[in-house]
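Asks: Residues per chain, in single letters:
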Amino acid sequence: MDQKLSLTIDGKKLEASSGQTILEVARENGIHIPTLCYYKGTTNVGACRVCVVEVENARSLVASCCMPVSQGMTVMTNTEKVIQARKLVVELLWSSGEHNCLQCEKNGNCELQDLVYELGIEKPRFDIDSPGYEIEDTNSMIQRDLNKCILCGRCVRVCNEKQVHEVLDFSMRGSNAKVGPAFDTDYIHSECVFCGACVDACPVGALSFKQARFKGRPWEIEKVHTTCPYCGVGCQMDLNVSDGKVIKVTTNMDYGKPNEGMLCSKGRFGMDFINSPDRLKTPLIRRDGELKEASWEEAYSYIAEKFASIKEKNGPDSIAGLSSARVTNEENYLFQKFMRAVIGTNNVDHCARL
Amino acid sequence: MTNSIEEIEFSDAILAIGTNTTENHPVIGSCVKRAVRQNGAKLIVIDPRKIGLVDYADIWLRPKPGTNVAILSGLMNVIIEEGLYAKEYVAQRTEGFEAMKEALAKYTPEHVSEITGVAAEDIRTAARLYAEAKSASILYAMGITQHSHGTDNVKSCANLAMLCGNVGIEGGGVNPLRGQNNVQGACDMGALPNVFPAYQQVANDEARAKFEKAWDVSLPAKPGLTIIEIMNAAHDGDIKGLYIMGENPMISDPDLTHVEAALKNLDLLVVQDIFLTETGSLADVVLPSACFAEKDGTFSNTERRVQRVRKAVDAPGEAKDDWQIISELATKMGYAMDYSSAEAIMDEINTLTPSYAGITYKRIEQNGLQWPCPNTEHPGTKYLHKDKFSRGLGLFSAIEYQPSKEVPDEEYPFFLTTGRVLYHFHTATMTRKSEGLIEKYPESLAEVNPNDAKKLGIKDGDFITVTSRRGSLQVKASVIDTPPEGTIFMNFHFREAAVNFLTNPALDPVGKIPEYKVCAVKVEAA
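Chains as they are written, first to last, in the numbering used here: chain G, 3 to 356; chain P, 353 to 878.
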């Protein structure tokens with residue numbers, strides 16, 4: 003299986019392993035081949051034909067995402083024939099939908115827009131004929147605009163092959179073809195569990211995170227790589243920050259383990275609490291039976307005096323502390339150090355058992 | 353977890369017991385489903401509820417709640433009886449086999465069937481599926497641990513895995529799926545009454561001397577109290593001051609009436625949190641903390657992987673990082689803590705925590721490292737007990753099945769079992785603030801089997817009254833075939849239907865974990 007073979011791409015002599023595709027070998031060696039339907043970690047389907055290349059002695063152009071390399075193969079990724087074919091594909095996709103970038107969340111981060119730009123297409127040679135679907139606006143998390151869908155199937159494959167939620171698929175035929183849940187229902191009334199992987203997978207603006215609509219354009223967003231605060235899987239994710247606020251959560255397959263670019267509904271849509279107006283903003287001290295705002299200095303003094311007097315009267319073991327499975331290692335370390343070294347008791351635990 | 357999440361996908365067989373993986377650890381749930389759909393793994397599900405994984409299972413055993421030891425013993429009885437166990441592995445790498453074998457002798461499939469209600473033939477089939485796999489992974493969660501015999505359940509899982517040579521190999525293992533982002537780290541860091549960081553015993557003179565030297569203070573040798581014992585001691589007036597950081601026992605602990613009385617009995621209750629929780633409302637002093645998105649640090653996941661947390665936004669108002677608050681309070685109390693950053697604390701952790709010695713911020717900038725990682729050249733540890741168990745030989749335990757402390761009777765004829773749902777987390781302090789999650793799961797639902805619903809004269813969406821010996825509450829019913837007949841399932845997310853007013857605080861004698869998975873209730877139309 004892991005046999006080495008040699009081939010030539012754009013005049014460069016390259017080594018590859020048998021079983022690799024032309025696209026994989028090209029990308030490994032820094033040779034650009036554009037793609038749309040290709041999605042790392044899912045089946046290569048060769049649906050969009052944007053990645054076509056010329057292979058010496060082949061009867062027609064081949065989809066580089068599906069074509070395995072072979073010994074002595076000669077590949078050209080950038081011939082006139084290839085460019086013309088790509089242009090045709092992109093023009094057909096452009097004309098088959100409503101690719102209006104003005105209010106599109108993907109403007110500046112759209113793979114179709116990138117291709118139009120790369121190929122220098124002023125306008126498609128075909129009439130633009132949008133299918134005229136209603137925008138799906140029935141839930142607060144994912145907005146669906148099938149008029150922008152290019153039927154690449156990335157959402158379908160990530161839903162079935164990576165998350166195995168088995169909710170999305172193609173339906174209808176020809177120009178009526180569309181993707182979605184069974185029985186043409188909307189997301190909120192389907193079996194969808196709102197992991198949001200389909201939105202991450204969408205190369206265009208067909209699927210977008212609704213709460214982030216008009217909250218920040220791609221070039222205004224800073225992505226901060228962090229760890230999900232919910233269950234113990236420890237999913238790696240990007241908090242998307244715009245104007246000092248977390249506006250959405252995206253993933254990055256390149257982060258690898260443990261979640262390989264997958265999340266669940268909590269990691270994806272459970273971040274509203276960060277900006278909640280109910281967050282505690284100042285220390286509170288109970289006075290006359292009511293919690294009232296206080297300064298840090300007052301709070302520290304109050305606690306320090308009270309702990310000191312309890313300790314003096316009843317000994318350190320009359321004080322206990324509950325640390326937290328929610329805060330960082332550094333904070334847990336410091337909390338137990340505080341209880342042991344400052345208070346002088348081993349009465350420290352947390353909710354591991356609950 | 354003895355093994356890693358990535359290995360699950362390539363196990364030949366997966367035994368999921370007491371874990372509703374697709375709801376509580378959805379990303380691992382997807383791993384299991386990929387293993388089944390794409391790699392041909394055999395999946396054995398053992399759960400009283402018809403959970404999501406059942407649709408993907410080769411076989412589903414549906415024991416009565418609280419009978420895990422019996423069902424696992426039944427599997428092992430078959431494996432030994434039919435000679436399917438890893439004889440060489442057992443002989444070379446383990447001890448205690450004969451005593452365990454003797455204890456298992458009476459757990460024939462027929463006997464186990466009487467206890468659990470699972471057909472004897474299904475027990476045989478599942479046993480063969482597990483034993484005949486080249487590598488088999490056991491996944492479990494709180495369905496195994498939250499019992500008065502939780503330790504016995506865990507030991508039974510370990511017995512089964514060792515019996516078939518599945519510990520210390522890739523794709524095998526005994527894999528508890530931990531429910532909170534950093535419950536592993538909190539344990540590793542010594543937020544436990546009997547151990548310092550890396551499980552170094554407080555009662556051990558040498559360990560204590562090491563920390564006394566590093567911290568320049570003398571330290572108590574007597575192990576402290578566990579969370580439930582702390583509540584009991586507060587109730588009795590023996591604990592007078594309590595400092596709670598980022599926990600909400602007023603929802604999460606068993607027998608909430610008792611907890612409330614205990615907290616109100618304190619001379620000083622300090623609560624440090626991001627919201628004014630149910631517990632915070634009872635406090636004398638409340639301290640505002642920064643949340644995970646507002647600070648730097650690390651979390652350790654269920655597979656022992658230490659990963660970075662990074663500051664993305666500023667904390668609201670005067671809220672501070674928890675480590676800053678602790679440092680400033682310690683300094684105020686006369687013990688100087690002067691750290692310039694979270695990383696500076698990790699530097700100290702590295703010197704005192706052998707398993708974390710090689711885990712520095714520099715090394716985990718891109719990808720996390722799995723402990724044990726004893727030095728900065730060490731690549732981390734993907735799976736434990738390779739070639740040799742940490743203790744030398746793997747120890748089998750002889751275990752007898754014990755019924756749960758409270759089982760249904762004439763007055764309280766239903767089992768009540770509790771857990772989480774996909775769209776919420778723990779006491780829901782965070783998830784209930786999220787528009788989308790609330791849209792999907794706006795209110796608490798008690799799952800009632802359709803046959804029970806018929807007998808109770810209720811339909812989907814009706815309110816029911818659920819009463820245990822400790823309390824009573826009203827909740828909306830979801831009539832669904834997920835729970836078996838005679839069992840009610842409730843989540844513990846919603847304060848309006850706080851199920852821990854009903855649960856039994858009976859504890860496992862070793863693990864001190866409460867029996868959340870089984871108690872007896874009566875159910876009536878409200």
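Among the hints, a few may not be true.
Part of the chain P face toward chain G, derived, beta carbon under 10 Å [stated by the list, open to error]:
hint : residue
1    : Pro-378
2    : Pro-528
3    : Lys-562
4    : Asp-568
5    : Ser-679
With a straight-line Cα cutoff of 20 Å, these simulated SDA-like cross-link-like pairs (lysine to any residue) come out [unchecked claim]:
hint : chain 1 : residue 1 : chain 2 : residue 2
6    : P       : Lys-785   : G       : Val-243
7    : P       : Lys-684   : G       : Ala-343
8    : P       : Lys-684   : G       : Val-243
9    : P       : Lys-663   : G       : Gly-346
10   : G       : Lys-283   : P       : Lys-785
11   : G       : Lys-247   : P       : Asp-860
So these bits of chain G aren't anywhere near chain P, every CB distance computed over 12 Å [as the list claims (entries may be wrong)]:
hint : residue
12   : Asp-12
13   : Asn-59
14   : Gln-105
15   : Pro-126
16   : Glu-163
17   : Val-248
18   : Met-264
Note that these hints are calculated values from the structure, not bench results. All figures in this text were calculated on a predicted structure; none of them were measured in a lab. All C-beta atoms in this analysis are idealised placements derived from N, C-alpha and C, irrespective of residue type, glycine included.
Asks: All the hints need checking, so say for each whether the structure fits it.
Replies: Hint check:
1. Pro-378: 4 Å, holds
2. Pro-528: Pro-528(P) check passes; min Cβ-Cβ to chain G is 9 Å, inside 10 Å.
3. Lys-562: 13 Å, violated
4. Asp-568: 8 Å, holds
5. Ser-679: Hint on Ser-679(P): holds, closest Cβ of chain G at ~7 Å, below 10 Å.
6. Lys-785(P) <-> Val-243(G): 19 Å, holds
7. Lys-684(P) <-> Ala-343(G): Given that 20 Å is the threshold and the Cα spacing comes to 14 Å, the pair holds.
8. Lys-684(P) <-> Val-243(G): With a Cα-Cα distance of about 36 Å, the restraint between Lys-684(P) and Val-243(G) is violated, given a limit of 20 Å.
9. Lys-663(P) <-> Gly-346(G): 32 Å, violated
10. Lys-283(G) <-> Lys-785(P): 17 Å, holds
11. Lys-247(G) <-> Asp-860(P): 44 Å, violated
12. Asp-12: 31 Å, holds
13. Asn-59: 35 Å, holds
14. Gln-105: 22 Å, holds
15. Pro-126: Per Cβ check, Pro-126(G) is outside 12 Å of chain P; nearest 36 Å; holds.
16. Glu-163: Check fails; 7 Å does not lie beyond 12 Å.
17. Val-248: 6 Å, violated
18. Met-264: 5 Å, violated
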